[in-house]
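Residue numbers (the numbering used here), protein chains in the order written: chain H, 278 to 535; chain A, 2 to 107.
Hints may be right or wrong, so weigh each one.
Claimed, not checked - Computed beta-carbon distance windows for the label pairs: (1) A/GLY41 x H/LYS492: 24 to 32 Å; (2) H/ASP380 x A/THR49: 39 to 47 Å; (3) H/ALA448 x A/PRO58: 53 to 61 Å; (4) H/GLY298 x A/HIS98: 28 to 36 Å; (5) H/ASP373 x A/GLN28: 17 to 25 Å; (6) A/ALA55 x H/ASN331: 50 to 58 Å; (7) H/ALA448 x A/GLY41: 34 to 42 Å; (8) A/GLU99 x H/GLU523: 29 to 37 Å; (9) H/ASP380 x A/HIS95: 26 to 34 Å; (10) H/ASP380 x A/HIS98: 22 to 30 Å; (11) A/PRO58 x H/ASN465: 36 to 44 Å.
In case anyone wonders, no lab produced these hints; they're calculated from the structure.
Idealized CB from N, CA, C, for every residue including glycine.
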Amino acid sequence: MKNCDVLEKSKGVLIFANNTGYIDYTTIAARAQTLAEHYLKLPVTIVTGQDFANKRYNIDSGNFEAWHNGGRYLAYELSPYDQTILIDSDYFVFDDNLLKILDVVSDYQITKTNNYVCSQHSNQMGQYSLDTLWATVIVFNKTPKARMLFDLVGVIERNYQYYRDLYNIEARNFRNDYAFTIADNVINGYSPNQENYLPWPIISVPGPIDSLELKDSKFYLKTSGQALVLPKQSIHLMSKAWLLSESCEQLIEAAINA
Amino acid sequence: MTTTTTENIINQVKQATDFQINRRALQERIKIDLHLAHNGGLFLVDQTLLAFLATWPTDELFVEDVYGNPICCDRSELLAQARECYQTAMNSWHIQHEELRRVRKI
Chain H
278 MKNCDVLEKS KGVLIFANNT GYIDYTTIAA RAQTLAEHYL KLPVTIVTGQ DFANKRYNID
338 SGNFEAWHNG GRYLAYELSP YDQTILIDSD YFVFDDNLLK ILDVVSDYQI TKTNNYVCSQ
398 HSNQMGQYSL DTLWATVIVF NKTPKARMLF DLVGVIERNY QYYRDLYNIE ARNFRNDYAF
458 TIADNVINGY SPNQENYLPW PIISVPGPID SLELKDSKFY LKTSGQALVL PKQSIHLMSK
518 AWLLSESCEQ LIEAAINA
Chain A
2 MTTTTTENII NQVKQATDFQ INRRALQERI KIDLHLAHNG GLFLVDQTLL AFLATWPTDE
62 LFVEDVYGNP ICCDRSELLA QARECYQTAM NSWHIQHEEL RRVRKI
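So here's chain A without its partners, still in its complex pose (with noise of 0.2 Å):
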């Protein structure tokens, strides 16, 4: 194999895009995105947040949001909310996962 050839292949590589960091990049993305702001606080909805509100008993409650304050909430309000946005973000991740699969070379 000469140099050139050698060099040819390395251009090649480089060219190819990044799957790993693609994915991590819209990882991110969708992070910022599972972001709610509510009542004057914000909330990065997750698995425990969604889970923590439907089990609470009573409807109004205090949550600590992302910047480590006590935010007042209604229980059902926020759960509506945070459910919507939940869904939204993780079908707009799987949709665009899938499709970063397919253009894993440019």
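The shape of chain H in the complex, shown without the other chains (with noise of 0.2 Å):
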């Protein structure tokens, strides 16, 4: 017999997206949001209007173009759930494996591991700093740990230009990605928590997409270098000029259709 006095904890997905003068990142979202409420049959949240100034490469057009990228330790507040998948707008979920983390979390668990499919990546902040976290999924429960990580995201924002020097990071501009590397390293102790990090990688595709179809549950990825059969999964598509695509749209449809 279920015991009624135990409240079942709510769990949700969380994305941010903040649009630019070029990039339209609510579409975007809202693309991701298809995807995740289909795969992982739980609700979305996608929270737009943080307006915290910063630079990015776009690997499109290969020029700095403005990105609207702080705010994301609001995460902790903002989120309706008890139970918090934060994705960035940029990761597609193709699969449920996320759901195995909601079952196992403590606190927090961040992406520890990002392969890039098509090239090599350096995962340090800098040549004599920290392995890089990567802030592209976060899966968090409400406890004070968790709110600890965030409160401390959130003065690492604000003070970033301080952190830069401290743990010797090279890129000038402001990344989620580092402010979480550093909030996770001071809040244990500065020593790795294997419990804090997923367990497995995730998928990247860094550069610009050429084509990018779902046939029989792969996909066929085609860059401008090479041409990949990748096994259908959650997958990370840093080319937002392919992620407003028509192209991008026929994927979501035949993802949702199969």
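Fit the two chains together into the complex; they arrive one by one in their own frames, and the hints show the way.
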């Protein structure tokens, strides 16, 4: 018999999306929402309206463009769920594996390994710095320790230059990945705690995409230099131009109707 | 052989799918599927876990999960779940691996 005195924890997905003059992040987030709802069967909340001024290199245009990536530390306060899966708008969910993490997470789990499918990349924030954690996927419960993590990310964001110097970070622009890496390092007593890391890597396509199709439960990916056949799985697609394209819409439709 | 012909061949090779990368990507994906959440712990289902659970003499035991925590488990329940998880993932791996062999070039 079910114990009615024990309240079930609410679970959901949170996505931050702040439009710039160049990129319509809310459209990308709406696409990510469709997939997350379909595969995880959880409600999705999109947070928008942060206007933190920053710049990023656009892999599609080759220029530096405006980027409103601040305010991620508000996820703890803004999440309406007891258990939250916080994902970047360009992280597309194509399986339900993150549900396993909801069953085991105590405070928070953040992505430790990010495998680029087409290239190698440095995993350190700087030559003499920490290995980067990836804010692309963070699963957290509303616990004091998780609150501490997000509060500290806010402190780091507001004092980024100081922390950049302290941790020998090479990149000049603020990145949530770095802020979460530092915050995780500090609140765990300056040593890694495996329980706070997702037990598997995320897969990323870092560059421009020529085509990406879903056929027979496989992704057929073509970039300028490579052609790959990848298993259907959740994937981090960094080409915003492709994410806003009609091909992306078709891929989502194919996935939903499969 | 002219330079243009060589360049064409290089471009064609670049556009041919790399079986080894595809194979590794599939292997990593299946490893994710082989994770099983049970009683607050997360287990990677492999031959060692299956053999251990199948031969342990008592029904209640503690098993170390992927985070290094001892999790209290009902042996037969975990074994049944682990077998199902293993079979599903390995069948899927086999099917997809065979398909990958067939699409070595795209």
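Enumerate the violated hints, using their earlier numbering and listing them in ascending order.
Hints 1, 2 and 4 contradicted; others consistent.
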